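Peer 1: Those protein sequences? They're chains A and B, same order as listed. Residue numbering for the first sequence follows this note's numbering, starting at 33 and increasing by one per position. Residue numbering for the second sequence follows this note's numbering, starting at 11 and increasing by one per position.
Because the hints were derived from the structure by calculation, they are not lab data. One should not assume that every hint holds.
[Unchecked claim] With a Cα cut of at most 27 Å, we get these calculated DSS-like pairs of lysine-lysine:
#1 LYS147(A) to LYS476(B)
#2 LYS271(B) to LYS161(B)
#3 LYS493(B) to LYS66(A)
#4 LYS108(B) to LYS133(A)
#5 LYS414(B) to LYS121(A)
#6 LYS133(A) to LYS457(B)
#7 LYS210(B) to LYS171(B)
#8 LYS204(A) to LYS447(B)
#9 LYS163(A) to LYS451(B)
#10 LYS495(B) to LYS511(B)
#11 LYS379(B) to LYS447(B)
#12 LYS451(B) to LYS204(A)
#13 LYS121(A) to LYS457(B)
#14 LYS108(B) to LYS204(A)
#15 LYS14(B) to LYS230(B)
#16 LYS163(A) to LYS476(B)
#17 LYS19(B) to LYS66(A)
#18 LYS447(B) to LYS457(B)
#19 LYS197(B) to LYS230(B)
#20 LYS271(B) to LYS260(B)
#21 LYS210(B) to LYS271(B)
#22 LYS66(A) to LYS451(B)
#23 LYS19(B) to LYS256(B)
#24 LYS451(B) to LYS133(A)
#25 LYS414(B) to LYS133(A)
#26 LYS478(B) to LYS493(B)
#27 LYS204(A) to LYS372(B)
#28 LYS447(B) to LYS19(B)
#29 LYS66(A) to LYS63(B)
#30 LYS19(B) to LYS414(B)
#31 LYS414(B) to LYS204(A)
#32 LYS63(B) to LYS171(B)
#33 LYS447(B) to LYS133(A)
#34 LYS478(B) to LYS147(A)
#35 LYS204(A) to LYS457(B)
#36 LYS115(B) to LYS63(B)
#37 LYS379(B) to LYS204(A)
[Stated by the list, open to error] Here are some chain A residues the structure puts well away from chain B; computed CB gaps all over 10 Å:
#38 LEU38
#39 THR43
#40 LEU47
All values derive from a computational prediction rather than experimental measurement. Cβ coordinates follow ideal geometry from the N, Cα and C atoms, glycine included.
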Amino acid sequence: MSIILLAILFTLFGLLLGYAAVRFKVEGDPIVDKIDAILPQTQCGQCNFPGCRPYAQAIADGEADINQCPPGGEAGVIALADLMGVDPKPLNEENGVESVKTVAIIDEDTCIGCKLCIQACPVDAILGTAKQMHTVIESECTGCELCIPPCPVECITMEPIASTVVTWQWDKPSNEKDAS
Amino acid sequence: MSFKLWRFKGGLPSLAKGKKTASSLAIQTAPIPEELIYPLTQHIGQAAVATVKVGDRVLRGQLIAKAEGFVSAPIHAASSGVVSEIAERQIPHPSGLKGLCICIKTDGLDEELPASPIADFRTLEAAEIVNIVREAGLVGLGGAAFPTAVKLGIKSDAQIKMLIINAAECEPYISCDDRLLKERAEKIIQGVEILLYLLKPEQAVIALEDHATETYQVIKTALDENANSAIQAVQIPTIYPTGSEKQLIKTLTGQEVPQGKIPADIGLVSLNVGTTYAVQQAVVEGKPLTSRITTVTGEGITTPRNLEVRIGTPMSKLVAFCDGYTENAERIIMGGPMMGVALTDDAIPVVKATNCLLVPTKKEVVLEKQAMPCIRCGQCASVCPASLLPQQMYWYSRSDQLDKAESYNVFDCIECGSCDVVCPSHIPLVQHFRYAKTAIKARNAEKQQSSHARDRFEAREERLAKEKAERAERSRLKRERLKNKAAKAEIAGSVERSNEKRQAKEPAEPLKPVAKEP
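Starting from the given sequences, assemble the full structure and let the hints guide the process.
Peer 2: Below, the structure is given as structure tokens:
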């Protein structure tokens, strides 16, 4: 008797779980979205993945470490460690070092209009057409440097973004004895 | 008539003592400098856009930069001369960065655009008055420089109950508003009447601190003569920072402006007394904002003075007019000692927000002291006029826990510096909060940028995938058609035709019909 009762109960629970799995199905992988939200979206590929989202996927799958994103820097690693519940670690130097934010500048006199940089740009931030001068839309440039290697005449340079009155930040006060 | 007053939380009553060295000094007119410099950003909001070019001759009162967008203000030349340069110059900003400025070489003739005075402002519509105020380039002259027309033009659901004219100069040293009230009371009262006509509040209150008894008497007499019962002068206790808008509102009405709201939402509008004077000048006398009253003071100045200054005058000219620096002048500050901005250079011009130029000596400034650990005494929290918890915000700003700092409402900090004054460990608290605010803003901007980059990246990926699919589809269709017998015949036919044409021109070897088998 009890066996039958248990069997009925299990079947019921099974059905309930099965229904819930269908009814409350989560589209996509939320952890990948969360990781992707932390990544700086430079799409530079320094992490050895073709873009931020693939890297996020790789972290979620356990195939990549959290310290492979130089543009995200230390703050990015800490945020990822926090999300993944692991200890933060220093940036992997094989992937590059953290540096100031830059934008690509095309020397328009040297540019021959070969379109190679346009094809390389992951965010469509370069404007131009065949045999016409190209230019970078600075506000859209992520500073990924992917346009530099394909350029046959080496007319692209990376310039640090100058601080303006709008983007300027106050310094963090530093003259403190250990206040902890 | 008695007026019920409230007490805002915290603040520093002690700061008022013996501070107004220049308040007994009548307003003098500063001379026209050889060069006037106009930063295009001298107000809150979008930068103005230059409407003149190098070489243009301009007259006093002529528009040289127009407002761009809704929250912005135009700029007018303060004397006649020729535009010599539109270039990056040092501007009064804590960063010491340069900004785009229009520079005018004055010719000393001081020719003016003919003003268009209006005999009776009551003939104007409310929208017309707001428009005059906008075109005259008026911004809050108390130091915040928020475009006045935006403040006056906002349609709020709440009916305006009270108009507050802020004459509570709570910072030590500054006395420009006090002098203005003393010397030009009638014009200010007329300005208040314009605002009464425009906003239709039940009453208007001119609030000034109780140590300014002489000024109070002057304004009271002027009000009695005027016999407009809707306006009254009120003395409020001298407690720093009572001149701050929210604290003044609390003092006068007992109400607090909710977070993220503006005073108009609770039926109040508050304007600085200098701005009120400028409203009168703009509406009645038809003069745009080209000059303001600035206090030049501090022990680093030989002869402290209250000056009527043409906006755009380099600070060094004001100092020279006040007989120069004394030997032990330490630094130049625009604004008061509590909330002012230290300047890197005295070639920086007076802007609309410059209410004071303070040159203190070493004795007067509190030099940076070695900060010691926070001992959690809580004095900062008890003096904070914004009812914040500085010690907690300090903790989180210091350790870069910006989310936490934000959740403790660091953006409600008015940077009055009261906590800095009382901190027994000399921790530069306000500096930490300023850092936290700009860091949070930068982080948010970065987030926005990265999500924008993500969108563009995804759009590109999608486009590339679509192009690839389209290419594949095209070649598939082609292959399919080639398989078709009819297509083969068609190709053979077209080859035939082209051969015929060719032979008609020059008889040669005919092309063989080719149809590749896929």
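Peer 1: Of the hints given before, which are not true for this structure?
Peer 2: Hint check: 3, 9, 17, 29 and 32 fail, others pass.
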